[in-house]
Every structure is written in structure tokens, then in C-alpha cells.
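Protein chains: 2
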Amino acid sequence: MKTDVRECSVARTLELVGSKWTLLVVRELFLGSRRFEEIVRFTGGPRDILTDRLRSLEAHGLVTRVQYEQRPPRFEYHLTELGRSLGPIIAAMREFGDRHLAGEDGPPLRFEHSCGAEFHPVLACKACGEVVRSGEVEIAAAVS
Amino acid sequence: MKTDVRECSVARTLELVGSKWTLLVVRELFLGSRRFEEIVRFTGGPRDILTDRLRSLEAHGLVTRVQYEQRPPRFEYHLTELGRSLGPIIAAMREFGDRHLAGEDGPPLRFEHSCGAEFHPVLACKACGEVVRSGEVEIAAAVS
DNA sequence: CCGAGTACGTTGGAAAAACCAACCCACAGG
DNA sequence: CCTGTGGGTTGGTTTTTCCAACGTACTCGG
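In the order they appear, the protein sequences are chains A and B. Numbered per the UniProt record's numbering, the first sequence finishes at 144, counting up by one with no gaps. Numbered per the UniProt record's numbering, the second sequence finishes at 144, counting up by one with no gaps.
A hint or two may mislead.
So the derived label-pair ranges between C-beta atoms look like this [as the list claims (entries may be wrong)]:
| # | chain 1 | residue 1 | chain 2 | residue 2 | range |
| --- | --- | --- | --- | --- | --- |
| 1 | B | Glu130 | A | Glu37 | 33 to 41 Å |
| 2 | B | Phe75 | A | Arg34 | 25 to 33 Å |
| 3 | A | Gly129 | B | Glu37 | 39 to 47 Å |
| 4 | A | Arg99 | B | Glu37 | 42 to 50 Å |
| 5 | A | Gln70 | B | Arg84 | 16 to 24 Å |
| 6 | B | Pro73 | A | Arg47 | 20 to 28 Å |
| 7 | B | Glu37 | A | Arg34 | 42 to 50 Å |
Reference listing, derived: stretches of chain B covered by chain A, where coverage requires no fewer than 3 residues with Cβ under 8 Å from a Cβ of chain A [claimed, not checked]:
| # | segment |
| --- | --- |
| 8 | 17–28 |
| 9 | 36–48 |
None of these hints come from the bench; they were simulated from the model. Every value quoted in this text rests on a predicted model; they were computed, and no experiment measured them. Glycine included, each C-beta is placed from N, C-alpha and C at the ideal position.
All chains should be built: construct the whole structure from the sequences, respecting the hints.
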């Protein structure tokens with residue numbers, strides 16, 4: 001059997017953020033956590049794994065580790081511009097969870113758009129600006 | 001140290017699709033693969049793990065397993081309506097990969113919107129329909 | 001000065017998950 | 001028969017993850 005593994009952008013993205021805890025770390029940073037202890041507390045992940053994920057995110061340029069204290073040396077984690085461009089992925093997951101997996105008391109986190117309404121993301125076409133309905137997008141070409 | 005794990009929709013979504021290979025399986029189904037052998041070939045994942053992921057997706061109602069042949073028994077996998085609503089997550093990952101991690105020969109998969117242009121997803125606000133710029137969305141309330 | 005507490009990890013060992021090659025069954029075609 | 005296809009399952013190895021404990025470097029209160 002040939003091994004025609006599809007080298008696609010989804011696969012490449014998953015290599016960066018596809019392992020356990022990584023996207024929860026990114027979520028935490030989006031929500032404003034900066035310090036290691038906050039990330040531990042709010043994600044609930046094992047400290048060693050979270051350390052590993054933060055180093056990996058840093059190595060890939062999604063996060064920077066900034067010293068905010070000399071003695072003892074203390075660091076903060078910040079999303080880079082590249083890291084912030086993971087926003088749509090987090091938003092899409094949040095939206096999916098809100099709609100289909102919400103707990104008893106609804107979505108635990110609410111966002112507000114500058115138009116004043118509660119923010120629910122939908123996908124739009126960058127070219128025409130129209131909100132996309134299912135069936136309006138098709139594969140144009142599939143290269144191996 | 002208190003364990004104030006954030007019970008958010010992102011975390012809940014990751015419980016469904018957060019383990020390795022799951023989202024690649026979903027991508028394959030979006031791209032039209034239906035049979036087990038196709039999923040093995042195009043994702044490159046281990047057969048036993050892919051079996052496990054398909055069963056898990058089925059158990060959560062994201063995928064259905066349909067018999068298309070009696071003797072010998074053969075099955076196809078299809079995304080359910082719920083499964084198709086993972087589209088924005090896949091699209092967001094594809095977009096991230098295309099923009100920041102593209103291989104030498106550009107994005108390997110292209111999509112086309114019904115407006116005629118190549119499709120690149122951007123986030124829009126469901127309420128007002130406007131495309132969202134960074135800084136326009138803020139946390140309205142954060143419940144532990 | 002002593003002990004407790006905070007911040008940010010690192011370590012060692014156990015448990016779980018992933019991986020891989022090989023196997024199995026049912027059938028089809030030559 | 002003998003080979004090939006489709007859709008898995010099995011057994012054993014390797015990798016990851018998990019967890020609790022420890023270490024370091026300071027600060028604060030008494």
C-alpha cells in the first residue's frame with residue numbers, strides 16, 4: 001500500500017499546536033494569563049508538560065518568554081503576533097463548544113464585539129466579505 | 001494551591017477532537033474520503049489508532065458508519081451534521097497553516113467560495129455581520 | 001534569625017497512549 | 001489454489017504523560 005500522506009496546512013498546524021495541553025495554554029494566554037503558576041492553575045495540566053509546551057511554543061515563535069524580575073529571575077509568557085493569529089482557531093473551538101457542548105449554565109466565557117452585541121464568530125469570505133453558508137465552499141484543486 | 005481549572009468550551013471541544021489523528025481524520029472526511037483504507041493512506045496514522053478515533057467520533061455523534069456492502073461487510077464513514085460543524089475549526093487551521101507554515105509550493109489545498117474567488121476564511125460577528133479586526137472583541141465576563 | 005510562603009521549575013518512576021508489524025477473515029479474480 | 005483487497009485486531013515495544021516530591025532563590029512576618 002502506497003503511503004500518500006497528505007501534506008496539508010491542517011497537518012502542519014497540528015504539528016505546532018496538536019498535542020495535548022498546547023491549545024489550552026494558548027487559550028490561557030488569550031485570556032490574559034501571563035505567569036507559569038496561572039497557566040498551571042487554570043489549565044490543570046501537569047507542570048512538566050506545560051513547561052515543555054511553553055518551550056515548544058517559544059521555539060516556534062508563537063510565544064515569548066520575558067524576564068520581569070531580576071532576582072529571583074522570573075518570567076512572563078506573551079503571545080507573539082504569530083501566536084495571536086491562532087485566535088480564529090480558538091474562537092472556532094469555543095463556538096463549537098458553546099453551541100454543542102455547553103454545560104448547564106451556558107457558555108462560561110462571553111465575548112463582546114465592538115458593535116455592542118455578544119460575539120459569536122462565523123466564517124466569512126475574505127474576498128467578498130459575505131458570511132459563508134454550508135455548501136458555498138468547494139475544493140478547487142487537490143494537489144497530492 | 002487551588003485547582004481552578006477553567007471549564008470552558010475550548011476545553012470541552014478538545015476533549016472530543018483534541019487527541020492525535022482525530023482532526024486529521026475529520027479533515028479527510030471533509031475532503032471526501034469515506035473508506036477506512038483511504039483514511040489510513042492519506043493521514044498516515046496507525047490503523048489501530050485510526051480505528052479508535054473513528055469509533056470515538058462515532059460515539060460522540062460526529063461521524064456515522066454506514067454499511068455499503070453485505071458480503072463481505074464493508075463500511076463507509078460520513079460526517080454527521082454535527083461533524084460538519086467542525087468545518088470552521090478545520091478551516092481556521094488550514095488558514096493558519098497556509099499563511100504561516102506553507103510548504104515550498106504553496107497551500108496544497110485550495111477552496112473556492114460561491115462568489116468565484118479563492119476562499120480564505122476570516123472571522124465575522126454573527127450579530128452585525130462585520131468582519132472582525134483585532135481588538136474589537138473583548139471578554140465580557142469570565143466565570144471561574 | 002527562623003520558619004513559612006511564593007514562583008518556577010526539575011526529577012524519577014509509574015501509568016497510559018501510541019506505534020508497528022504481523023495476523024485474521026471474507027470474498028473476488030485469474 | 002494463489003494473490004489481492006478491505007477492514008480491521010493482536011501482541012509487544014517505544015513514547016508520552018502523569019504525579020508527587022524535591023530544589024532553588026528569594027520575601028515576609030515575627
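Hint check results:
For Glu130 of chain B and Glu37 of chain A, the Cβ-Cβ distance of about 38 Å falls inside the hinted range of 33 to 41 Å, so the restraint holds. Checked against the given bound of 25 to 33 Å, the beta carbons of Phe75 of chain B and Arg34 of chain A, roughly 49 Å apart, lie outside it. Our hint of 39 to 47 Å for Gly129 of chain A and Glu37 of chain B holds, since their Cβ atoms are close to 41 Å apart. Under the hint 42 to 50 Å, the C-beta atoms of Arg99 of chain A and Glu37 of chain B, about 33 Å apart, miss the expected range.
For the pair Gln70 of chain A and Arg84 of chain B, the supplied restraint of 16 to 24 Å is violated, since their beta-carbon distance comes to about 53 Å. For Pro73 of chain B paired with Arg47 of chain A, a C-beta distance near 48 Å fails the hint of 20 to 28 Å. The hinted range of 42 to 50 Å is satisfied by Glu37 of chain B and Arg34 of chain A, whose Cβ atoms lie roughly 47 Å apart. Three residues within the 8 Å Cβ limit are the bar, and the segment 17–28 of chain B against chain A gives 7, so the coverage statement holds.
Evaluation of the coverage hint for the segment 36–48 of chain B: fulfilled, as 6 residues show C-beta separations to chain A shorter than 8 Å, against a requirement of three.
Checked against the numbered hints given earlier, the structure breaks hints 2, 4, 5 and 6 and satisfies all the rest.
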